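With the hints as extra help, turn the sequences into a complete structure.
Those protein sequence lines, which keep their order, are chains A and B.
Residue 1 is where the first sequence starts when you use our numbering, and the numbers rise one by one after that.
Residue 1 is where the second sequence starts when you use our numbering, and the numbers rise one by one after that.
Just to be clear, a hint being listed does not mean it is correct.
Same chains, same names: a pair is fine if it fits in one copy or spans any two.
Stated by the list, open to error - Here are the simulated DMTMM-like cross-link-like pairs (lysine to aspartate or glutamate), alpha carbons at most 20 Å apart as the crow flies:
#1 K108 x E136
#2 K168 x E204
#3 K26 x E253
#4 K28 x D254
Treat the hints as calculated values from the structure; they're not laboratory data.
Quantities reported herein were computed from a predicted structural model and do not represent experimental measurements.
There are 2 protein chains.
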Amino acid sequence: MMPQGPKTVTAAVIIIGDEILSGRTKDKNLSFLAEALNDVGVQLRECRVVADVEGEIAAAVNALRGSYDYVFTTGGIGPTHDDITADSIGAAFGLAVDYHPGAMDILKAHYAHTGGELNRARMRMARTPIGAALVENPVSKAPGFRVENVYVLAGIPVVCQAMFHSLKHELVGGDPVRSIAIAVHLAEGTLAKSLTGLQEKYPEVSLGSYPFHRDGRFGASIVARSQLPDKLAAAADDIRQLMRELGGDPMEEDG
Amino acid sequence: MMPQGPKTVTAAVIIIGDEILSGRTKDKNLSFLAEALNDVGVQLRECRVVADVEGEIAAAVNALRGSYDYVFTTGGIGPTHDDITADSIGAAFGLAVDYHPGAMDILKAHYAHTGGELNRARMRMARTPIGAALVENPVSKAPGFRVENVYVLAGIPVVCQAMFHSLKHELVGGDPVRSIAIAVHLAEGTLAKSLTGLQEKYPEVSLGSYPFHRDGRFGASIVARSQLPDKLAAAADDIRQLMRELGGDPMEEDG
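Next comes the structure, spelled out in structure tokens:
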């Protein structure tokens, strides 16, 4: 029997928000989702940040949902006029959008409990493409939803994170990518040639070199990534050895 | 004579980097570029984060360079094997990639000055698509470059920022988008209906509502954006008035 390669499962993220593109808000969901997905064996491969425009959101969803196993959107599911994600997902899938009975029940119970008014604007948060599955929101109740392989999450980071924890048991992951990061106060140009040789020696390990500038000194972090733990460890040993040979002092970092 | 509308100039950003998609590095260039571009009258409309794969980088460049006035890439222009941006831009434009004479002169002078060796790996940083214009790098010398409307910048934030300051005089901007942000400890669902009315009253102003969760309390920031200062100020006055009518205490924020 031929040995099987590692199982790879992929995802893309679509960040919906004029506020990110204006620079006013710094996105926090991409790095959270990248790490949280990797923890369940899903590799984030692409991200798009798009404006609050239905056609652009729908185009991004349709460009990505066939290319990756999962797509996650963040933002645009609140009660105001600029919250157009549900309609945009409906447009992408050619589905009508209506009040989701399960979501309406959640909102009714929530506002009965808090004494708030379930007005027309808040009811907007119960709208989904018809047939969508809900994603529980333990923080502020108004749910996210899923259509096929596209998960629609909130933009507010604490809610986005809570929704991800609600849905992650549904994801079928592959072999996770492990990484080892080793920093050194050597110029990338000093490391580069030997690093190319190491990359050829370990084709199953992806070697990245990330220059940094800290406290007035330049250096580089070498990050090795692989789904194969043995190959990863061997490559990391060679990297440390290489750094010492070049006169550097390898520093372990968080992978 | 009919009054002319504001002049709009747009841009997209492509962030090249497995390290961003792995969650290991948090991108800092998007928010910098968003604000710096707006300061010179250029509106950032889309961003893509793509993996270190030539075909994916080239596809993103070609998808965006016809749709926006300017495209900026960050990352992948160092001396190591995973720095493939120059080749990817060459592939996107159908241009051969070679050592740029001006870039070689800069590197020769730099390494003669510092006593470093201009080895084959470092010479890699002088490679550009043939005919590219250089972008000065006052921090670490190895230049960025431009092909048509695509600017290729470093990924390391301090270098990316310095390169942007080197090139910004070349950009021809339009009327800048000004913004006013007003926060209030009111639920979005309370504000939503009246806000929809205000959006209809001020079609030249874009009103965004961004919920937040701070110190255990939910609230919303209402951000008004426009290229027309008078309309912006009038809309902001109406927003403050609306918040007070709903029992809230408007708090001015950085636009």
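Would you list, in rising numerical order, the hints stated earlier that this structure does not obey?
2
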